[in-house]
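Asker: Sequence:
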Amino acid sequence: MVVKINYERIRTLSDLIGKLGLKTIYNIEDKDKQLEAMRRLYAETKHVGYVCLLAISNALISYRLSVKGEKYWLEFSKELSKTNPSLRYALKNIVSFLKESKLNVINIEQKISRLRKLYSTNIVYVVFNSPKTYAENITMLWRDLSNVLNANPESKTIVFSIKMFYYAYYASTGERIKLPMEIPIPVDFRISTITLTSGLLTISSQISFANKVKLLLNKYSDIVRMVWKEVGENSNIPPLNLDALIWVFGRHISFKCSKEEIINKTIDYLQELFGKEPNASAKRLIYEFLKYY
1284 MVVKINYERI RTLSDLIGKL GLKTIYNIED KDKQLEAMRR LYAETKHVGY
1334 VCLLAISNAL ISYRLSVKGE KYWLEFSKEL SKTNPSLRYA LKNIVSFLKE
1384 SKLNVINIEQ KISRLRKLYS TNIVYVVFNS PKTYAENITM LWRDLSNVLN
1434 ANPESKTIVF SIKMFYYAYY ASTGERIKLP MEIPIPVDFR ISTITLTSGL
1484 LTISSQISFA NKVKLLLNKY SDIVRMVWKE VGENSNIPPL NLDALIWVFG
1534 RHISFKCSKE EIINKTIDYL QELFGKEPNA SAKRLIYEFL KYY
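Numbered per our numbering, the sequence shown spans residues 1284 to 1576.
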């Protein structure tokens, strides 16, 4: 079995994404339900540091959920927005939500243990009292989190926690952090799928497409991160910003649907999201993302 990088496809996708530009991706982020959840939290609590701390904390344990991520984050914000901004009670508030909501119960004790480890460090104090410190150096937050949790800095939840801090700070202050190229994309099922359907990577094996996706996710996630970093650098779009683009354009990918059905559903979804038909560049990107489906 051989996993190959298709550099021609990297150039094609980089060119299309670069033409869309960061401003378009910012517009996509503005429609993200996770960002909406952060806006709700800030609207109710009015505390930048508290919102940022809750975002990081929840992101670090957002895996193997009982519902879709969008629903989980909206429910999280709904319940935590009822709490008072407090560093002393932040951990207790999150644990109460985990136990009462039943939306994130798989490995719950392991997740709570991870949170307790985080809350035993100085990071939570800095985030709560001076979130701007990390907003001005988000790479430092990325390194600090991986160090205190003894985790791979490129692992999905560590990187995702940085994305959610980015969202939380923006939702609370209106200031968008300029993300660095070095922080990778969080590799999940959808990212792995688009990596294959777009032809960025090919796997020479007779196994099913679904199993190839699982293989990328479980064994070759480092190569997935590498090709999206190449796309990011070539298009001048940081990988963490690319995540929102891929999430939206890959939303309707399903092994139960034909390529044409997925394309039509994606076009309809983008039209619903932005109130107008996607332009030619956006439609071309949909086709290129699904070229090898």
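Do not rely on the hints blindly, as some may be mistaken.
If you anchor each label on the Cβ, the simulated ranges turn out as follows [said to hold, decoys possible]:
no., residue 1, residue 2, range
1, 1369, 1555, 37 to 47 Å
2, 1542, 1472, 17 to 27 Å
3, 1316, 1291, 32 to 42 Å
4, 1485, 1543, 16 to 26 Å
5, 1538, 1566, 43 to 53 Å
6, 1516, 1555, 31 to 41 Å
7, 1488, 1301, 30 to 40 Å
8, 1361, 1541, 32 to 42 Å
9, 1419, 1284, 24 to 34 Å
10, 1491, 1558, 13 to 23 Å
11, 1370, 1456, 34 to 44 Å
12, 1538, 1435, 27 to 37 Å
Calculated directly from the structure, the hints in this document are not laboratory data.
For glycine and all other residues, C-beta sits at the position ideal for the given N, C-alpha and C.
Asker: Each hint should be assessed against the structure and marked as holding or not.
Answerer: A quick look at each hint next to the structure:
| no. | hint | verdict |
| --- | --- | --- |
| 1 | 1369 to 1555: 37 to 47 Å | holds, 39 Å |
| 2 | 1542 to 1472: 17 to 27 Å | holds, 18 Å |
| 3 | 1316 to 1291: 32 to 42 Å | holds, 35 Å |
| 4 | 1485 to 1543: 16 to 26 Å | holds, 22 Å |
| 5 | 1538 to 1566: 43 to 53 Å | violated, 23 Å |
| 6 | 1516 to 1555: 31 to 41 Å | holds, 32 Å |
| 7 | 1488 to 1301: 30 to 40 Å | holds, 32 Å |
| 8 | 1361 to 1541: 32 to 42 Å | holds, 37 Å |
| 9 | 1419 to 1284: 24 to 34 Å | violated, 44 Å |
| 10 | 1491 to 1558: 13 to 23 Å | violated, 38 Å |
| 11 | 1370 to 1456: 34 to 44 Å | violated, 19 Å |
| 12 | 1538 to 1435: 27 to 37 Å | holds, 29 Å |
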